[in-house]
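So the protein sequences, as listed, match chains A and B. Under full-length UniProt numbering, think of the first position of the first sequence as 1, with each following residue one higher. Under full-length UniProt numbering, think of the first position of the second sequence as 1, with each following residue one higher.
Please keep in mind that the hints were generated in silico from the structure rather than gathered at the bench. Hints may be right or wrong, so weigh each one.
A pair counts as met if it fits within one copy or between any two copies, since identical chains are not told apart.
Claimed, not checked - Listed next, the in silico EDC-like pairs over lysine to aspartate or glutamate satisfying Cα-Cα at most 20 Å (straight line):
#1 Lys191 to Glu49
#2 Lys191 to Asp10
#3 Lys147 to Glu25
#4 Lys149 to Glu122
#5 Lys147 to Asp208
#6 Lys149 to Asp10
#7 Lys32 to Glu168
#8 Lys149 to Glu124
#9 Lys32 to Glu98
As a plain string of letters, each chain reads:
Number of protein chains: 2
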Amino acid sequence: MAAYYHSIADDLRRRIECAEYVVDEPLPSEAKLAIRYRVSVPTIRIALEVLQAEGRVEKLHGRGNFVRRPEERAVYGSAGHAVGRRAAESPPMQVSAEVRTVSATDGLSALLQVRRGALLTEFEYVSVLGTSVRGLARLYVPQRVVKLKGPVVDPSPWGDEVRSLLAEAGVHVASTVDRVASRLPSTEERKVFRSAAPVLAVERTSTDFSGQIVEGALLALPGDRAEAVFTTRTHVEPMEAVG
Amino acid sequence: MAAYYHSIADDLRRRIECAEYVVDEPLPSEAKLAIRYRVSVPTIRIALEVLQAEGRVEKLHGRGNFVRRPEERAVYGSAGHAVGRRAAESPPMQVSAEVRTVSATDGLSALLQVRRGALLTEFEYVSVLGTSVRGLARLYVPQRVVKLKGPVVDPSPWGDEVRSLLAEAGVHVASTVDRVASRLPSTEERKVFRSAAPVLAVERTSTDFSGQIVEGALLALPGDRAEAVFTTRTHVEPMEAVG
DNA sequence: CAGTGGTCTAGACCACGAA
DNA sequence: TCGTGGTCTAGACCACTGT
């Protein structure tokens with residue numbers, strides 16, 4: 001009943017932790033593993049997908065399945081609130097940003113609670129570590145709220161500049177909500193991430209003190225090479241019924 | 001280049017959104033879909049996995065692939081800070097809780113920063129909606145910090161009682177860190193969730209004002225039927241470099 | 001029992017990367 | 001060019017569900 005590919009994944013995981021396979025080196029090819037475990041290649045591939053989703057293996061097309069450390073994943077932290085020891089471990093990434101004006105699609109209109117077609121400033125961030133993409137971030141600010149201008153210089157991985165730009169324009173964020181879900185990558189994401197591993201999808205909205213949504217963001221993180229961290233400080237005084 | 005299973009997934013998604021397939025009704029069987037799209041069954045299955053991970057389809061062994069609404073997913077909110085409209089939408093779940101004493105394994109010892117073998121009070125929560133499990137939560141409190149006692153009555157889905165018990169014992173949580181990652185389910189989780197969909201894995205630690213870890217938790221949420229939401233309130237005064 | 005999805009096989013052919 | 005992983009086929013057999 002316990003699928004055989006799980007036994008294989010467990011065995012490979014154990015061998016990786018025993019350093020039988022070296023970090024940043026490829027495992028034996030899928031064909032060889034199939035022979036060793038006396039199963040077909042697709043079965044081996046499913047076992048490797050399990051390890052990939054754990055961040056222990058990175059599949060590189062045409063090269064092999066490389067042993068990785070899950071601790072070296074990139075870290076997304078809410079609204080630039082850098083967090084604890086993990087943040088320090090997150091390796092420095094190369095980030096590129098583009099700014100343009102778009103009009104709200106159905107999805108964006110629901111996220112930002114603006115009418116369909118409303119003008120938005122879009123900030124598109126791509127974070128890269130070495131040759132591997134660690135995150136796609138699209139931030140949106142309704143131009144009704146404020147008309148921000150690019151370009152963004154020296155961008156941070158998750159678009160913290162937008163918050164600074166908002167503050168400079170006199171728009172202050174009071175509260176941010178991050179929704180995190182897991183899904184499989186879209187065609188585009190699969191191409192960019194070069195991976196079919198599950199994606200951490202983050203939907204974020206920031207509101208000002210009047211409750212108006214002043215910023216929204218859609219992030220896609222490759223689940224095998226990134227994670228999300230949130231810090232909540234408990235107030236000393238027990239407080240409010242939220243409303 | 002764009003895998004054909006993605007086209008099939010896109011087509012099915014569109015038909016679902018056009019209400020060509022009814023919510024809570026099964027799609028045509030995988031065999032029939034394979035004939036309709038002129039592909040083999042495994043290809044159809046991959047397309048359905050995409051929709052499953054989006055929460056649009058629930059696969060039920062021996063019954064069929066049922067159309068679902070992603071909005072009806074259960075919501076995990078950090079440390080019981082119920083959140084916005086989404087929380088209201090999260091349907092009420094049946095929750096069972098067990099309390100026992102365990103000694104720290106390697107993983108728990110790293111999470112809680114206690115020595116291996118240290119005694120811990122474990123709270124195990126299982127949340128169910130109808131017949132579908134929506135979350136597994138294991139909370140740990142080092143007995144060195146305080147020796148809590150069960151049983152827990154009328155448990156909440158994510159173990160908020162533990163926080164209350166801590167407070168009653170004079171232990172106050174100052175800060176909570178949630179790490180969210182995506183992985184494929186373990187053998188056990190696959191059995192409990194009855195699904196091979198990606199799991200949202202949450203590692204949580206709570207510290208008191210002295211920085212000591214007073215509680216830790218490991219949560220597994222079925223990615224196709226649950227999501228995580230975090231709310232961050234921005235302080236009015238721009239503050240500290242965290243360190 | 002019949003119909004469904006779950007796992008697995010033993011191939012085929014294509015796309016990618018390095019030499 | 002050759003070895004790698006990515007996609008897909010056309011089955012087989014098992015497990016689960018409802019009748």
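Cross-check of the supplied hints:
no.	hint	verdict
1	Lys191 to Glu49	both (17 Å within a copy, 18 Å between copies)
2	Lys191 to Asp10	between (29 Å within a copy, 16 Å between copies)
3	Lys147 to Glu25	neither (48 Å within a copy, 46 Å between copies)
4	Lys149 to Glu122	within (10 Å within a copy, 52 Å between copies)
5	Lys147 to Asp208	within (16 Å within a copy, 42 Å between copies)
6	Lys149 to Asp10	neither (51 Å within a copy, 35 Å between copies)
7	Lys32 to Glu168	neither (59 Å within a copy, 58 Å between copies)
8	Lys149 to Glu124	within (13 Å within a copy, 50 Å between copies)
9	Lys32 to Glu98	neither (44 Å within a copy, 45 Å between copies)
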